[in-house]
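Novice: Sequence:
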Amino acid sequence: MIEERDLVLSNGIHCIADIHSELYARLKKESQAVTPWVYQKQYGKFVTYFVAVIIFLSLIKKLAFMYYDSSEEFLPEKKNSPTTPSVFLARIMTKLVAFNRYICYRKFPTLIFSYLGIPTSVGTFLVVMATTLYTLLYCFVPHPFYRPCAGFGSPPLSVRAGIMAISLVSFVFSLSGKINVIGWLVGLSYEKINIYHQWASILCLFFSWVHVIPFLRQARHEGGYERMHQRWKASDMWRSGVPPILFLNLLWLSSLPIARRHFYEIFLQLHWILAVGFYISLFYHVYPELNSHMYLVATIVVWFAQLFYRLAVKGCLRPGRSFMASTIANVSIVGEGCVELIVKDVEMAYSPGQHIFVRTIDKGIISNHPFSIFPSAKYPGGIKMLIRAQKGFSKRLYESNDDMKKILIDGPYGGIERDIRSFTNVYLICSGSGISTCLPFLQKYGPILHKTNLEVITLDWVVRHREDISWIRDEMCTLSNNLRQLFLDGKIVVRIYVCSDSTVPGIIKTFPQTIDTASDQSDLAKREKDTEFGQDDTESNSTFDKSNNEYKGLITIIPSKPDLNQVINDYQIGFRNCFICSGSDSLRYTVGNSVAGLQAKVFSNKNVEECYLHSESFGY
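Going by the working numbering, the sequence shown runs without a break in its numbering and finishes at 736.
Keep in mind that the hints are not guaranteed to be accurate.
Claimed, not checked - BS3-like cross-link-like pairs, simulated, lysine-lysine; straight-line CA separation at most 27 Å:
(1) Lys-211 with Lys-722
(2) Lys-507 with Lys-521
(3) Lys-722 with Lys-178
(4) Lys-560 with Lys-430
(5) Lys-161 with Lys-211
(6) Lys-349 with Lys-308
(7) Lys-560 with Lys-308
(8) Lys-607 with Lys-560
(9) Lys-178 with Lys-308
(10) Lys-494 with Lys-522
(11) Lys-430 with Lys-349
(12) Lys-157 with Lys-145
(13) Lys-717 with Lys-178
(14) Lys-460 with Lys-521
(15) Lys-161 with Lys-178
(16) Lys-430 with Lys-308
(17) Lys-145 with Lys-161
(18) Lys-177 with Lys-157
(19) Lys-722 with Lys-607
To be verified - Pairwise CB distance ranges, derived in the manner of DEER restraints:
(20) His-378 with Ser-720: 23 to 29 Å
(21) Arg-512 with Ile-374: 21 to 27 Å
(22) Met-182 with Pro-152: 25 to 31 Å
Hint data in this document are derived by calculation from the structure and do not stem from the laboratory. Positions of the beta carbon are idealized from the N, C-alpha and C atoms, including for glycine.
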């Protein structure tokens with residue numbers, strides 16, 4: 117028997133006992149007139165409009181920088197031109213851009229925020245928080261939350277929260293692809309836009325629960341758990357709503373930062389399976405209520421278009437390539453915990469800083485792993501990857517005794533959205549295998565330095581051990597031979613910091629060194645012989661040194677862990693400056709905050725127009 121509750125309206129109508137009375141019917145009609153059912157569709161529309169405005173503003177920014185990079189009006193040689201209105205306006209814009217970058221480049225404490233799944237970039241955080249605040253206010257400010265009786269219609273709070281959740285689904289799926297139309301519009305690759313995919317998913321989950329809870333609360337309030345049970349048996353909408361929210365919660369739990377870090381490959385394989393289950397069950401749940409299924413129709417159309425483009429242009433269907441064609445990669449151990457993969461012939465165009473996804477033809481074929489690529493000096497026309505052995509796929513690859521692997525290549529993806537040739541100074545900052553991202557910029561733009569606006573390219577690379585330098589031995593030898601004069605003229609600067617040598621007595625190794633006397637020369641020769649690579653590490657590095665005399669006079673090896681903030685502050689900042697960094701979280705944290713601080717030079721120095729930062733970090 118239904119539990120009696122004190123649920124009598126002010127006019128004496130009981131929500132359950134008087135459900136068939138004329139007065140009940142009249143009050144129901146009045147409730148629908150105050151908050152019409154069909155009116156609830158607007159909440160999904162205006163969430164879509166809000167996101168569309170953000171995308172449109174980002175598109176304008178992208179187009180503006182495309183014009184900026186191609187314009188000759190403000191090139192370095194014209195920076196001292198007489199002041200004109202256009203130049204004045206340009207200075208105002210550069211300061212506005214610098215202020216925006218000051219905010220966007222700053223980083224929150226990486227360890228805390230990344231484990232909580234919160235954006236570490238202040239700029240990204242503000243965009244996410246603005247979207248969150250808008251949707252929360254738009255959902256919770258309108259009243260009423262409930263109708264006087266459940267029989268008068270669905271709770272308005274539930275309906276608008278549900279519609280908002282469905283409208284977010286389209287963005288969740290659109291932002292998930294390696295190729296996505298939103299990323300193309302705003303000029304960001306998938307790895308940078310992935311944080312918005314994650315946050316849209318969290319908002320979708322939140323509003324899904326806001327959609328569910330008022331139904332449960334009102335049913336329990338009007339008749340207890342027995343009433344809830346009756347509604348469950350009588351309503352197909354109630355029953356069909358369980359699978360999508362179950363799938364959505366499983367997606368969230370499996371995507372938590374701690375789960376991704378410790379069970380990455382399981383996460384990759386589960387994610388798309390749960391996503392498909394969520395989409396199908398949600399479509400069944402909402403069809404055809406308030407035409408909300410149209411959001412899902414648009415979602416699947418866009419998602420399939422993105423998938424087809426990825427397969428046709430980036431993957432196994434692209435012209436000149438057989439379907440699902442594999443290639444052979446040479447595998448070799450190049451140092452402690454590091455594997456080198458070289459593909460001799462690659463039929464794809466790629467740009468510096470891009471990466472590919474690699475599948476091996478074995479039991480791990482489902483797994484898909486991203487690696488930065490750069491031209492191989494040993495095999496012209498080939499590509500090279502440096503893979504740090506950590507766990508899962510990389511560990512298995514390191515521990516295998518295979519000299520060759522059959523792989524499938526998907527890509528390239530990522531890269532920098534600006535034209536490097538428009539800058540005057542380029543600073544490449546990386547640690548460990550992050551050299552894979554930075555080195556190709558030196559390989560491509562070093563030989564054409566004199567044909568561009570580029571004046572100086574600086575590479576600062578932080579490694580753990582001296583042996584790590586041998587990872588790029590062939591490439592550095594080629595560069596040193598072909599671009600020797602640029603190295604000697606200071607147009608190309610390469611510094612390598614060896615952290616394990618920080619406690620080893622030694623000298624900063626730079627060639628050439630100024631020598632004034634014969635005795636100085638003799639003393640220097642002796643010190644170089646004894647401490648060139650550290651006295652305790654001579655044997656392990658002798659091969660590298662003796663076989664690469666081309667390095668002498670070209671690079672600086674510093675046996676210490678660098679203070680990156682000080683290194684960046686010591687740079688001779690030029691007119692247009694581009695900073696590219698790749699490596700550990702701590703490195704990207706330091707570089708981001710340091711380059712944010714450099715924006716002050718744009719305000720204080722008319723000979724500094726911009727300090728742009730591209731920080732590479734792919735994966736989930």
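Novice: Each hint should be assessed against the structure and marked as holding or not.
Specialist: Structure-based check of each hint:
For the proposed pair Lys-211 and Lys-722, the alpha carbon gap of about 10 Å is at most 27 Å, so the pair holds. At most 27 Å may separate the alpha-carbon atoms for a hinted pair to count; Lys-507 and Lys-521 meet this at roughly 18 Å. In summary, the hint linking Lys-722 to Lys-178 is supported, as the alpha carbons are separated by about 24 Å, within the 27 Å threshold. At roughly 22 Å between alpha-carbon atoms, Lys-560 and Lys-430 fall within 27 Å of each other, so this suggested pair holds.
For the hint pairing Lys-161 with Lys-211, the CA-to-CA distance comes to about 35 Å; that exceeds 27 Å, so the pair is violated. A C-alpha spacing of about 46 Å is found between Lys-349 and Lys-308, which places the hinted pair above 27 Å, so the restraint is violated. Proposed proximity of Lys-560 and Lys-308 is supported: the alpha carbons are some 24 Å apart, at most 27 Å. A threshold of 27 Å between alpha carbons decides the hint, and for Lys-607 with Lys-560 the separation of about 14 Å falls inside it, so the pair holds.
The hinted pair formed by Lys-178 and Lys-308 meets the criterion: a straight-line CA distance of about 15 Å does not exceed 27 Å. With a C-alpha separation of about 20 Å, the suggested pairing of Lys-494 with Lys-522 holds against the 27 Å cut-off. In summary, the hint linking Lys-430 to Lys-349 is not supported, as the alpha carbons are separated by about 49 Å, beyond the 27 Å threshold. About 19 Å separates the Cα atoms of Lys-157 and Lys-145, which keeps this hinted pair within 27 Å; it holds.
Restraint check for Lys-717 and Lys-178: the C-alpha separation of about 23 Å stays at or below 27 Å, so the hint holds. For the given pair, Lys-460 sits about 12 Å from Lys-521 by alpha-carbon distance, which is consistent with the 27 Å threshold. Simply put, Lys-161 and Lys-178 have alpha-carbon atoms about 25 Å apart, close enough for the 27 Å limit, and the pair holds. Restraint check for Lys-430 and Lys-308: satisfied, since their Cα atoms lie roughly 19 Å apart, inside the 27 Å limit.
A hinted pair counts as satisfied when its Cα atoms are at most 27 Å apart, and Lys-145 with Lys-161 qualifies at roughly 25 Å. Distance check on the hinted pair: Lys-177 and Lys-157 sit about 31 Å apart at the alpha-carbon level, beyond 27 Å; violated. Taking the CA atoms of Lys-722 and Lys-607, the gap is about 23 Å. The hint holds against a cut of 27 Å. Distance hint check for His-378 and Ser-720: the Cβ-Cβ separation is about 47 Å, which falls outside the suggested range of 23 to 29 Å.
At about 22 Å, the beta-carbon gap between Arg-512 and Ile-374 stays in the expected band of 21 to 27 Å. A beta carbon spacing of about 45 Å between Met-182 and Pro-152 contradicts the range 25 to 31 Å that was offered as a hint.
The earlier numbered hints that this structure contradicts are 5, 6, 11, 18, 20, 22.
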